[in-house]
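> Taken in order, these protein sequences are the chains called Z and Y. All letters in the first sequence, in the order written, are residues 1 to 300 by this note's numbering. All letters in the second sequence, in the order written, are residues 1 to 394 by this note's numbering.
Calculated from the structure, these hints are not laboratory results.
Pairs of lysine-lysine, PhoX-like flavour, derived with a Cα cap of 20 Å:
(1) Y:Lys100 - Y:Lys136
(2) Y:Lys264 - Z:Lys139
(3) Z:Lys139 - Y:Lys238
(4) Y:Lys89 - Y:Lys341
(5) Y:Lys77 - Y:Lys89
(6) Y:Lys367 - Y:Lys352
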Amino acid sequence: MEYFLELFLGGLTRGSIYALIALGYTMVYGIIQLINFAHGEIYMIGAFTGLIVISVLTLLGFNQVAVIILAALIAMLYSAAYGFTVEKIAYQPLRHAPRLSALISAIGMSLFLQNYVLLAQTSNFLPFPNLIPGFGFMKPYEHIVRSTEIVIYITTAVVMLLLTYMIKFTRMGKAMRAVAQDRTMSMLVGVDVNRVISYTFIIGSATAAIGGVLIASHIGQINFYIGFIAGIKAFVAAVLGGIGSMPGAVLGSLVLGWTESFFTGYISSDYEDVFAFVFLVLILIFRPAGLLGRSEPDKV
Amino acid sequence: MRKIRRSRYFALALIVALAALALASCGEQKTTETAKPSEAPAEKALEPIKLGVAGAHSGDLASYGIPSVRAAELVVKHRNAVNGIGGRKIELLVEDDACKPEVATNTATKLVTDKAQVVMGHICSGATKAALGIYKDSKIITISPSATNPELTQSGDYPNFYRTIASDDAQARLEVDFALNHLKLTKIAVLHDKGDYGKGLAEFAKGFLEADSRAEVVLYEGITPGAVDYSAVVQKIKQSGAQAVIFGGYHPEASKLVTQMRNKAMDTVFISDDGVKDDTFIKVAGEFAEGVYATGPVDTSTNPMAIEATEAHKKDYGEEPGAFFLNAYSATLALLNAIEKCGSTEYEALSKALKSEWVATPLGIIKFDDRGDAIGVGFAVYQVQDGKYVAVQM
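Please put together the full structure from these sequences, using the hints given.
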């Protein structure tokens with residue numbers, strides 16, 4: 001039973017991280033029907049920024065909690081700036097081009113950012129300090145679930161709630177929903193579409209940066225390539241849940257995290273990815289729009 | 001039609017021309033070889049010892065073979081300068097096999113015909129295997145400086161074969177022996193990164209563990225390199241009750257695994273390979289790296305004989321020695337030492353001497369085990385202590 005619980009919580013951790021990245025994928029897709037392949041790289045840049053800020057602040061002698069909070073905030077800001085810029089440079093000029101052009105542009109951006117970090121930083125793996133303190137009350141359970149993981153669950157839940165609130169109850173959220181439904185019509189009624197799209201990228205990137213800092217501090221290392229696999233997995237999770245749907249992205253991520261964890265735990269990790277993708281194919285055969293997606297054949 | 005016939009004639013002419021060239025180059029080689037003993041006509045009374053040196057001396061892989069020829073030349077030069085072995089000079093018979101098994105059989109036949117008494121070679125495992133049968137039939141002891149295929153010694157098919165390089169499975173063997181004999185652990189999880197190197201090692205380790213009645217392989221798994229985390233695998237290791245993990249792979253995965261294991265308050269012993277014996281591993285895993293074991297090549301950089309051999313090479317050939325130079329140097333030394341100890345090149349006596357007499361070489365002090373693998377060559381166990389890999393005394 002304890003083993004089951006451990007696998008469940010491990011899967012939850014993985015799923016939460018996937019969710020933080022998948023949210024950005026799904027928001028962007030919902031609004032401009034673009035699969036933003038550079039999103040994984042934004043996550044990686046978030047982790048790198050976090051590391052740099054942590055190194056500097058630790059050197060300056062800041063207190064540990066202040067360091068992690070500041071690092072997360074600066075990483076969010078920095079990644080958001082990247083997300084904003086990437087959209088302005090690589091996607092906005094292609095707004096009216098065929099969708100394939102924007103997709104190719106996204107792949108190019110992803111490769112560019114990877115190699116940029118490789119050149120500007122290093123190709124080596126770098127250690128990432130674990131700054132989240134072990135909570136006293138967690139001590140007896142530390143072998144099952146770590147304090148870092150608890151922080152990951154809570155953060156994901158909070159981010160998820162905040163986003164839902166924003167989409168449902170704020171003006172910007174309303175504008176986003178309007179643009180997602182019909183871009184031309186929203187433009188006609190006076191919605192600043194470019195601004196809405198920029199906001200979407202900023203929010204999605206900031207979310208990914210939180211994921212980057214959290215997972216890096218959980219596993220303790222980063223390099224320029226971590227965004228690729230995490231990005232692909234999060235993309236799969238977004239598709240699994242129904243791309244374009246925010247609760248779908250979170251559900252899809254958790255399902256993917258648990259699938260991987262339980263498959264590894266009870267069967268074998270040799271075929272972990274094979275199984276995860278077979279599962280994806282099966283779901284898409286029976287529910288082509290994903291778990292929570294609405295089928296909109298005209299969008300494909 | 002006519003055109004085709006003409007081109008056929010042309011091809012024939014080309015083959016003849018090439019064959020003539022090849023003969024010419026063989027002829028040349030022979031003259032240089034026969035030139036050597038004539039330098040010292042005074043000792044003509046004593047028969048020279050003929051040492052065959054075979055390997056890739058031309059073609060793509062010549063860079064693996066040439067250093068062995070030079071090593072043999074250097075050792076023989078030094079030896080002949082002090083009157084050879086018991087007054088008998090040593091004569092080199094250098095033959096090329098281009099690393100091709102089909103050529104290697106001819107090379108071997110030629111060495112046998114030329115009455116080579118011992119052979120240092122061949123270089124590539126495939127060519128070595130092809131040639132070994134011929135030497136075996138003629139009862140000629142053969143030492144390879146570089147053929148690493150485990151089968152060559154382990155199959156028992158070639159009792160005339162020895163080598164001064166660790167076989168491909170030596171690391172796995174060392175890891176397993178270390179866990180079972182030194183650390184006295186029996187329940188072992190074997191993990192790998194699904195790559196050629198890591199999985200190959202893990203398969204050997206699993207095989208050795210299963211062959212040992214004390215050991216129990218409680219888990220055998222491949223992990224996905226680059227995965228977001230390994231918490232499920234780590235839980236599985238814990239669940240399996242493993243006392244030690246033997247991991248085949250490289251340091252990024254190893255540091256992630258170790259970090260997550262230690263974070264889950266597991267003190268399972270972690271043993272890995274020279275893909276992990278890298279300072280990056282210590283840097284990334286930080287405090288969690290402490291106590292991790294990794295096998296790696298025995299350090300020869302401080303061995304005075306290795307330094308001397310390298311200097312001699314630089315002096316005579318004007319460049320740094322290439323791959324397997326020290327292995328070939330050691331192989332030649334070991335052969336000559338055995339011949340000196342038993343006073344003949346007779347097969348039985350020589351085998352006994354190789355297996356019983358320790359000899360100081362640039363690779364350390366070595367002798368050969370019953371299968372023909374050098375003891376003291378190859379890998380050592382290192383442990384991370386205070387942020388550094390330190391050799392473990394066994």
